[in-house]
Every structure is written in structure tokens, then in C-alpha cells.
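2 protein chains.
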Amino acid sequence: MNRPRVVIAGAGFGGLTCARALKHAPVDVLLVDRNNYHLFTPLLYQVASALLDPGEIARPVRQLIRPLHNADFLQASVTGVDLEDRRLLTDHGPLHYDYLVLATGARTDYFGNASLAAHTLGLKDLDEGLAIRNHILSQFEASRWTTDVSERRRLLTFVVAGGGPTGVEMAGAISELIRLVLRKDYRDLDTNEVRVVLIEAAPHVLVQFVPSLRHAALRSLERKGVEVMLQTKVDAVTEESVNLAGSHEIPAGTVIWTAGVKASEIGRTTGAPLVRQERIKVADTLQVPGHPVVFVIGDLAGAQHGGAPLPMLIPVAMQAGRHVGESIADMVSGGGAKAFRYKDPGIMATIGRNSAVAQLSWLHLSGFPGWLFWLGVHLVNVISFRSRLVVLVNWAWEYIFYDRPVRLIVRARQ
Amino acid sequence: MNRPRVVIAGAGFGGLTCARALKHAPVDVLLVDRNNYHLFTPLLYQVASALLDPGEIARPVRQLIRPLHNADFLQASVTGVDLEDRRLLTDHGPLHYDYLVLATGARTDYFGNASLAAHTLGLKDLDEGLAIRNHILSQFEASRWTTDVSERRRLLTFVVAGGGPTGVEMAGAISELIRLVLRKDYRDLDTNEVRVVLIEAAPHVLVQFVPSLRHAALRSLERKGVEVMLQTKVDAVTEESVNLAGSHEIPAGTVIWTAGVKASEIGRTTGAPLVRQERIKVADTLQVPGHPVVFVIGDLAGAQHGGAPLPMLIPVAMQAGRHVGESIADMVSGGGAKAFRYKDPGIMATIGRNSAVAQLSWLHLSGFPGWLFWLGVHLVNVISFRSRLVVLVNWAWEYIFYDRPVRLIVRARQ
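Order-wise, the sequence lines are chains A and B. Residue numbering for the first sequence follows the working numbering, starting at 1 and increasing by one per position. Residue numbering for the second sequence follows the working numbering, starting at 1 and increasing by one per position.
Excised from the complex, chain A in its bound form:
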């Protein structure tokens, strides 16, 4: 008799944890992802800011599933789901499933503003991280040989839209890249011509955090030379500038958009009801209503947590992945799916060298203690022992010598 086939769409933190939870279940697991690697997203901004190389934060999916003898991998883009015929649709053909786990995550949301989609850089994927790195370094190269002062100031203006953890980390990292490293590469650079601007529509950065930590983060950003513009909305972005609501304009050669995120496009293609941010509406078991063999986890799942939607965070995805893996194992042996409860381990964000905020149930940390805590948590969780060694060498090197080793403008030839 054939074993039930579990197809997991997405090899991020949710999908991978789910596959691991099914290790001993009598099922065949197929992980599907458009990339051949699992990405440690919390350090993606360090690739974008020329500190780490891709190999330090990404690991081949096939290597990660080697210990899972019932799992295989297919590199393919998911294009939709045929819920009636139980088939996951991909650019590699349709895949039959007995159980389906949708874990394709989230993507950048431009809120329908085409100028944002055309003229800003996103930071969701490894190739986007490399594109930001190439772009920032190219702006500096161009600025060195530009004699027109206003054009040079434009080239040296870096705008980050969105004051969440990604925006705060990116703005802090760009400012340090410039003030600690590139300043030494460009002897004639006038740092007064450089601007790093963080734009946030809300009255605070890091709205998820308690007020004392928000303020600590804001002070830290300002000390690092980041101009923080609160209660400011981006209307449009052109090749030349950012246009703010109220007709103010910032000439800028670089705009990074972290201000919007929504679930991946798979949600819509299922035809299932969606909730806020295009997440798929799910029961408290994370099943799609009416389709008990289809589960949704991570950023794509529109689940509730004490009346509010579950945040788009790695711990949510991992806990849900484990829970759904166990539910499927139970169902295969005749049981049923149980309700999912999220246990919040706390949240963190770093603003660069010597500064981070961490909000745990029992502890609030900021500044240097917060940074040490951030460092420890990330070093322990980076994906392999080898990466940990290499990342540690790079971090120590940067810390001591104020260096960013990977200041390379590189594109793989097609």
C-alpha cells in the first residue's frame, strides 16, 4: 500500500520544521521551494550591508533534509492549488497530495502603488539582499566622480521606508557601513553630503515594542546618524526622489521599501477566503475550512492569537510547523487535528554595533546588554556549526577593525 504523500510548499522556517516533525510518520514528504536553499532571514540585512556572504546565511534544502529519510525536495515555483483534485500546481507540473501544507510566506506589499514597485528595492530574498549591496556600492562609486554637488548629494541619500525591525536594522546597518567603513574607502567623502533617512508613517518606530524600548531604539538610530522622520507618508517614488505626503520631496538615489508586507500570491490562487494582508483564513487547527487535509502555516496563515492576527514572525512559523506535522501524523493514524496555541518567546531588533532592543516576557533589554543578547541568540540559531564559525570570524573582524569584507559588486552571469 502506498504511504500518504505530504506536500509542503515552502522551505522556510515553517515548512522545514513541519518536515522535521514528520520524520517518523509513515508518510512520504515532498518539500517544494523556488530556491534550492533555506534562508536565515534575520541576517539578510547583513548581506545587504556587505558584512556577510550568501553562503553564511543560506543552506541547501537537500542538505538540511538529509536526516529525514522520508523526505525529498523539488525546486519549483508554486503557481496555485487545485483544492478539489488535491493537486499543488507548479511550473514543474501538478503534484498530487494527500496532505498539503502551505508555507510560502510573505512578500513585499506596495499597496497598489506602481511607483514603489518600480523604483524601490525590497529585502525579502537573497537576490534582493545582493541587489541592495550592489546598488549601495555602485552609488558610492558613481558619487566619487560626480562634480555636481546636488547630484552627488542625491546619489549619497539612502532612504529606508518602514520603521519596523527590518527597516530599523537596515537603516542602522547602512549608516554604519558608510560612517565606519566606506568613509575610509573614499578619502574625499564629505559625510555632511551623506543622508540615511528612515521614514515611518506611525508616530513611533518599532510599534510592536513597549514605549521605553521604542525610545531607546530611536535614540540609538539618531546617535548613529540616521534621520528618523515619523508620521511621514511616502506618496510616490521616482528614479530621482521620494515624494512625501504634503509635497515635500527628498532627492534620493536609493529607496528601500520595508513598509508593507502581505502573504504570498498562493493564497489568492486557492480561491479560499482571505483575511487581512491576503492571508488564508484558517480554523484554529490551521486547516482551511472545508478542506481538512490542507493546512496553512507561517506568514500565509490568517490565524488568530488572543483576538489579534498572529504576527509574521519566525517563532510563529516554527511552532505552527511543528504543530501541523504532529497533527498530520495523528490524522494518518486515525486521530484528528488539534487547535494551535502560540507561545510568545519575545521580540528583538538590532540597530547595529553595540545596540539592540529585546522584549521578553520577563525582561526588557536595550543598548549594549540588548546587543549581547541579540548576538548570542543569533549566533546559536545560525544554521550550521560551520556558518557559526564563519559568521563569528566575520563579526569579530568587523567589530574590531570596523571592516565590511564583502563590499563587492557582483552579479552571476546569466
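Take these hints with a grain of salt, some might be off.
As the list claims (entries may be wrong) - Heads up, simulated SDA-like pairs for lysine to any residue below, C-alpha to C-alpha not over 25 Å straight-line:
hint, chain 1, residue 1, chain 2, residue 2
1, A, Lys184, B, Arg187
2, A, Lys184, B, Leu30
3, A, Lys184, B, Arg3
4, B, Lys124, A, Ala76
5, B, Lys262, B, Asn35
6, B, Lys184, A, Ala76
7, B, Lys184, A, His69
8, A, Lys124, B, Ser138
9, A, Lys184, B, Val27
10, B, Lys281, B, Arg3
11, A, Lys184, B, Lys23
12, A, Lys23, B, Trp145
13, B, Lys23, B, Pro67
14, A, Lys23, B, Asp188
15, A, Lys23, B, Leu189
16, B, Lys184, A, Leu68
17, A, Lys184, B, Asp188
18, B, Lys262, B, Ser212
19, A, Lys23, B, Arg187
20, B, Lys23, A, Trp145
21, B, Lys184, A, Arg5
22, B, Lys184, A, Leu30
23, B, Lys184, A, Arg20
24, B, Lys184, A, Lys281
Quick caveat, the hints were computed from the structure, so don't treat them as lab data.
Based on these hints, arrange chain B on the given structure of chain A.
Structure of chain B alone, referenced to chain A:
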């Protein structure tokens, strides 16, 4: 009074060494390169075979010239030279020079065969190394889901054309990548369906070496599972196969071309007389005849060494760079250029794990001793202390665990 301006085209081993030799001369130096980094080319094949990341073998030119207070850098592509008006032509406009050093190296030579240019991968540049890595890994992903046996065999056939050091190193590295690492990623892989073929037109691999070392290298390649086809010429390459002279055909999804190299296109644009491999004919002072302020070094220089052309090797480029830097310093202070004499330190090539050949004037090494020697020389010469640490971690990791950490298919988004 303005100081004389020395323009150096190319930031490879020759150009960089020349800039360093001019450190204390009363001149302004401008280094020009199309990339913003200096590449440690001897380890490029390790990027192509998924062992090292770009940041481990490349370093920003601006960082390398920080100690040179009279040097600056321009990222631009050189398009030609106007010898009469003393201007280097670039895609960033013309650059006036008082002294010019041409050090733009060599490129792949397809001998006018358009099918080679269209359907083979080169290995001269970082982006080409990344393209080879992406391509090899993609072939394996595709082969996993191909049920047609002959198509699968075609996808799993990797042909390297050219039995020089680059071809030998690449073939050995691909074979080890497959047999030691990918075999574990693809549980169902039948290694009998995999072919790594090294094609060489001459009767030997590594013709530059003495017969005993050639034979050692050949045996080592064969032990590592590389099929070596000697006295074999490639007629044409298609999307599907390699066509050999004599109507034999090898169905292959990957063809890497290392069998031809010629000087960079700058040579022809100067209008100066060229010698073999389109190298610029130079006097024994490395000056272009009739243009005493124009020097040529490295692979681009058509200089003689005991009746034969100087080999296209890093030590040649570095020694010539130092020599020309000193000549220019002398000329600025009223002296003249002296003849260049190459001191041959020996040659080396590695065939992978535990095996290399090294031919020094006083010593011939092969096998494990050769490999230890190769390892020492490369570790000492890798471009920075940090790279050395990271490369050492990666090498030790691979050696112990038979792992290739960077098995990632990544392209920077444009």
C-alpha cells in the same frame, strides 16, 4: 606644479603590484577596473565548485589601496587607448595620462568558433564562476525529476575542455563535488549515470610540467573518476552535446571551456603591433615601441623570456608590475626604463583532495606532499588575514566532513 598622472588599466595582480611600487613616487596614480574588486583567481574554481563564497577570494580595490596615499580608483570599462593624445578611453569618458600601464589581462579565446562562445561556460571572472556553480547545481536538480534515462545522463555529463591547470583543477573539483557531496544530497543518484570528461587536444594534460608530474596528475584525475580524453579536439558545441573531431559526439548539459586564452581586447584598440594571442608587442623594458610612457604588463604583454613568450602567470604579472612601477619612478626623476628579467618561482596545479603537482627549480612534488605544499602557498597568499581564517575554516570543514557549504543557486536581482 602638477604631479605626473600614472593611469593603470586593470586592478589584477599586475596593476595592483605596480600601484604599490609607486607608493613613494611623486606621482598621482589612478587605477581603473571594470570591477570594484581584486580577484584571487587561483581559487576561482573553488567558487565555481561551491566551496567558497565570493567574499573569500575577492577584495575591494579601494580597501587594498587605502595605504597608498597617492592612489585613487575608478570603476569603468576600458574601451581603448588614444596613444597620440595620451588618453585612456573608458565608458566613463577619456582619461588623460602622463604614464600609462596596461594590465587588463586575458580573456577566453574561442578561436572564432561561434558555437563555443554560445554554448560553453568560461572561468575567467567571478560572475562566470558563480554562473558555473548555479549551472551545475541546476543540472542536478533537473536530473532528479527526469525519468528519461538518456536525458538524465545528458544532464549529468560535465565536460571540461582544456587540460591546462584551470581545466585539471575544475574537472577534479567537479568530480569531487559530485562523488563526495552531491551523492549524499541525491539519494537516488546512480553515479554510473554521471560523467566528468576532460578533453585535451595535446597528448598530455599539464603540458607545462615535466613528464613524471603530468603522469601523476593524469593518474590522480582518473582515480577521482574523471574520464580524460587526450589528443581529442572539440569541433562544435550545441545546446545538447559536444561534437568531437572525427564525428564522435558526447551528449552533455554542461561544457566548460578552458582550452583557449588570449589577451584582452584593449590590445587591438591601441593600434600597436600585436604578437601571438593578441598580446601587445613590447620592448624588453615592457614599453610600447615608439611610446615610451606606455607600458604593458601581465597577460597582455607580448614579452620574451629566453626566446619563448612569457607565460600568462601571476608571478610574471607581479614581477612586471613591480619592475614597471620602479621604471616610472626612475623616469619621473630623470632616469630611464630598464630591461625586465623574469625569475621563475615554479608552477603548481591541484587535482583536488590530497593531490597536487608542484614543479620548482629544486623540487618536484606530487600527490599528498604536493597538495600540502599547494595548500600552504595558497593559504599564505589569500588576500587578507580574515579571508585566510574563513578559507581555512571552510577547507578544514570540507576536508573533514566532505561538505561543500555554498551549494546555492543565487543570482543578484538586476
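To see whether the hints hold, each was checked on the structure:
1. Restraint check: the Cα-Cα separation between Lys184(A) and Arg187(B) comes to about 49 Å, which exceeds 25 Å; the hinted pair is violated.
2. Of the supplied pair hints, the one linking Lys184(A) and Leu30(B) holds, its CA atoms being roughly 17 Å apart against a limit of 25 Å.
3. With a C-alpha separation of about 24 Å, the suggested pairing of Lys184(A) with Arg3(B) holds against the 25 Å cut-off.
4. Note on Lys124(B) and Ala76(A): the hinted pairing is violated, with a Cα-Cα distance of about 31 Å set against a maximum of 25 Å.
5. Between the alpha carbons of Lys262(B) and Asn35(B) the distance comes to roughly 20 Å, so the proposed pair stays at or under 25 Å and holds.
6. With a C-alpha separation of about 21 Å, the suggested pairing of Lys184(B) with Ala76(A) holds against the 25 Å cut-off.
7. This hinted pair checks out: Lys184(B) and His69(A) have alpha carbons roughly 12 Å apart, not beyond 25 Å.
8. The straight-line distance between the Cα atoms of Lys124(A) and Ser138(B) is roughly 22 Å, inside the 25 Å bound, and the hint therefore holds.
9. For the given pair, Lys184(A) sits about 21 Å from Val27(B) by alpha-carbon distance, which is consistent with the 25 Å threshold.
10. For the suggested pair Lys281(B) and Arg3(B), the alpha carbons sit about 29 Å apart, so the restraint of at most 25 Å is broken.
11. For a cut-off of 25 Å, the pair hint linking Lys184(A) to Lys23(B) stands: about 18 Å separates their Cα positions.
12. At roughly 22 Å between alpha-carbon atoms, Lys23(A) and Trp145(B) fall within 25 Å of each other, so this suggested pair holds.
13. In summary, the hint linking Lys23(B) to Pro67(B) is supported, as the alpha carbons are separated by about 8 Å, within the 25 Å threshold.
14. For the hint linking Lys23(A) to Asp188(B), the alpha-carbon distance of about 19 Å falls within 25 Å, and the restraint holds.
15. Proximity of Lys23(A) to Leu189(B) is assessed by CA-CA distance (about 22 Å); at most 25 Å being required, the pair is judged to hold.
16. A C-alpha spacing of about 12 Å is found between Lys184(B) and Leu68(A), which places the hinted pair at or below 25 Å, so the restraint holds.
17. Between Lys184(A) and Asp188(B) the CA atoms are separated by roughly 52 Å; this puts the pair beyond 25 Å, and the hint is violated.
18. As the CA atoms of Lys262(B) and Ser212(B) are separated by approximately 28 Å, the hinted pair breaks the 25 Å bound.
19. The suggested pairing of Lys23(A) with Arg187(B) holds, with an alpha-carbon distance near 16 Å, which does not exceed 25 Å.
20. About 22 Å separates the Cα atoms of Lys23(B) and Trp145(A), which keeps this hinted pair within 25 Å; it holds.
21. Using a Cα cut-off of 25 Å, the hinted pair Lys184(B) and Arg5(A) holds, with the two alpha carbons roughly 23 Å apart.
22. At roughly 17 Å between alpha-carbon atoms, Lys184(B) and Leu30(A) fall within 25 Å of each other, so this suggested pair holds.
23. For the given pair, Lys184(B) sits about 18 Å from Arg20(A) by alpha-carbon distance, which is consistent with the 25 Å threshold.
24. Simply put, Lys184(B) and Lys281(A) have alpha-carbon atoms about 39 Å apart, too far for the 25 Å limit, and the pair is violated.
Consistency with the previously given hints fails for numbers 1, 4, 10, 17, 18 and 24, ordered from lowest to highest.
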